[in-house]
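J.: Given next are the chains, with one letter for each unit.
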Amino acid sequence: MKQTKSDLLQGTLDLLILRTLAAGDMHGWGIAQRLQQISQDVLQVNQGSLYPALYRLEQQGWIEAAWGDTENNRRAKYYSLTKSGRKQLAEETASWERIATAVTRVLQQA
Amino acid sequence: MSLGSRLRRLRGSFRNNAFEESMEAELRHHLELEAEMLAARGMSTGEAGDLACRRFGSVSQVKDECRDSWGLRAIDACSQDARDALRGVRKHPAYAAVVTLTLALGIGAATAIFSVVYAVLMQPLPYAHGERLVEIRQEASRLGVADAGVSVKELAEYRAHAGSLDAVVEYHQMSFNLVGRGDARRRRGVRRRI
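First to last, the sequence lines map onto chains A and B.
Under this note's numbering, the first residue of the first sequence is numbered 98, with each subsequent residue one higher.
Under this note's numbering, the first residue of the second sequence is numbered 1392, with each subsequent residue one higher.
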């Protein structure tokens, strides 16, 4: 079955990463998998583009990275949400919902 | 040096080998996991590796973007701090003035004290081979005089017999009567006897 794949809106990737990490610590590949699974492959992230976003979020202090061992004993860089990251997630979620509601309203009325 | 290359150098200084190695390992790990997952679904190892790379996109481009988001953030943070500082100064001018004055006085005092200490204690004497200069003092311990001065004859003796010295010069301080048009004045001065 062919599916339409939506490009990610500018800035939404950050929000999605934060939301994914709110569920628990994860490495980059895990985040990519999770995003694809949960969005049922609608949100197609070019997997590589995840990393610049992760580095940016880490620089902003919203996520933290630490090297750890995976279940099959390999080294992996795990990301976790910081306290200010949680705050940022709440703010971005709220603003996303505001915009989505507004856009829906316009689409229905016009 | 152009602003662009300066910025690139600044950005370069935020990077280091540890960063590069960590990024390298992280991206390699991602590609391995993706290829393994695809292989577990029945692809051959070669196909799985190729598809993993395709899904990932250009590794070198991703690396560049990672470096950019790492380095640029630090520069952004600097300019953000500067803007915040300026806004703060404008918002609380009195406070800013007090802080500036405190800093100015502190720096001024430190500079002044350093200038004196440097001139008195640290700066070499303004003679050639200042490090070879020595001072000779004579004391009269039985009279309880620590600095008894040197007579002309003694100076000649030193010159004649102190073989370890290239030259000897004597100077001393004394008071003079200074007579001008008005009242005579008493003045202290330094006299050098060569």
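Worth flagging that the hints you see were computed from the coordinates, not collected in a lab.
A couple of the hints might just be wrong.
In the SDA-like style, the derived pairs of lysine to any residue whose C-alpha atoms are separated by at most 25 Å in a straight line are [unchecked claim]:
#, chain 1, residue 1, chain 2, residue 2
1, B, 1454, A, 184
2, A, 174, A, 116
3, A, 174, B, 1442
4, B, 1544, B, 1581
5, A, 184, B, 1468
6, B, 1454, A, 172
7, A, 174, B, 1461
8, A, 174, B, 1419
9, A, 174, A, 162
10, B, 1454, A, 188
11, B, 1482, A, 174
12, B, 1454, A, 111
13, A, 184, B, 1470
14, B, 1454, A, 164
15, B, 1544, A, 205
16, B, 1544, B, 1557
17, B, 1454, B, 1411
18, A, 174, B, 1428
19, A, 174, B, 1470
Restraint-style ranges between C-beta atoms, simulated for each label pair [to be verified]:
#, chain 1, residue 1, chain 2, residue 2, range
20, B, 1494, A, 122, 17 to 27 Å
21, B, 1415, A, 161, 39 to 49 Å
22, B, 1437, A, 205, 43 to 53 Å
23, A, 171, B, 1437, 46 to 56 Å
No residue lacks a Cβ here, since even glycine has one placed at the ideal position from N, Cα and C.
J.: Compare the structure with each hint and give your call.
T.: How the hints compare with the structure:
1. Note on residue 1454/B and residue 184/A: the hinted pairing is violated, with a Cα-Cα distance of about 29 Å set against a maximum of 25 Å.
2. Straight-line distance between C-alpha atoms of residue 174/A and residue 116/A comes to about 18 Å, which keeps the hinted pair within the 25 Å bound.
3. The suggested pairing of residue 174/A with residue 1442/B holds, with an alpha-carbon distance near 23 Å, which does not exceed 25 Å.
4. For a cut-off of 25 Å, the pair hint linking residue 1544/B to residue 1581/B stands: about 20 Å separates their Cα positions.
5. Only pairs whose Cα atoms come within 25 Å are accepted, and residue 184/A paired with residue 1468/B is accepted, the gap being roughly 19 Å.
6. This hinted pair checks out: residue 1454/B and residue 172/A have alpha carbons roughly 19 Å apart, not beyond 25 Å.
7. Among the hinted pairs, residue 174/A with residue 1461/B is consistent with the structure: their alpha-carbon atoms are about 16 Å apart, no more than 25 Å.
8. Restraint check: the Cα-Cα separation between residue 174/A and residue 1419/B comes to about 11 Å, which is no more than 25 Å; the hinted pair holds.
9. Between residue 174/A and residue 162/A the CA atoms are separated by roughly 6 Å; this keeps the pair inside 25 Å, and the hint holds.
10. Taking the CA atoms of residue 1454/B and residue 188/A, the gap is about 29 Å. The hint is violated against a cut of 25 Å.
11. Taking the CA atoms of residue 1482/B and residue 174/A, the gap is about 43 Å. The hint is violated against a cut of 25 Å.
12. Distance restraint check for residue 1454/B and residue 111/A: the Cα-Cα separation of roughly 18 Å lies within the 25 Å cut-off, and the hinted pair is therefore satisfied.
13. With a C-alpha separation of about 24 Å, the suggested pair residue 184/A and residue 1470/B falls inside the 25 Å cut-off, and the hint holds.
14. With a C-alpha separation of about 19 Å, the suggested pair residue 1454/B and residue 164/A falls inside the 25 Å cut-off, and the hint holds.
15. For a cut-off of 25 Å, the pair hint linking residue 1544/B to residue 205/A is broken: about 117 Å separates their Cα positions.
16. Simply put, residue 1544/B and residue 1557/B have alpha-carbon atoms about 18 Å apart, close enough for the 25 Å limit, and the pair holds.
17. In summary, the hint linking residue 1454/B to residue 1411/B is supported, as the alpha carbons are separated by about 9 Å, within the 25 Å threshold.
18. For a cut-off of 25 Å, the pair hint linking residue 174/A to residue 1428/B stands: about 18 Å separates their Cα positions.
19. A hinted pair counts as satisfied when its Cα atoms are at most 25 Å apart, and residue 174/A with residue 1470/B does not qualify at roughly 30 Å.
20. A hinted range of 17 to 27 Å for the beta carbons of residue 1494/B and residue 122/A is inconsistent with their spacing of about 44 Å.
21. Remark: the range hint 39 to 49 Å for residue 1415/B to residue 161/A is contradicted by a beta-carbon distance near 20 Å.
22. The given range of 43 to 53 Å is respected by residue 1437/B and residue 205/A, whose C-beta atoms sit roughly 51 Å from each other.
23. The beta-carbon spacing between residue 171/A and residue 1437/B, approximately 22 Å, falls outside the hinted interval of 46 to 56 Å.
In this structure, the earlier hints numbered 1, 10, 11, 15, 19, 20, 21, 23 are contradicted, and the remaining ones agree with it.
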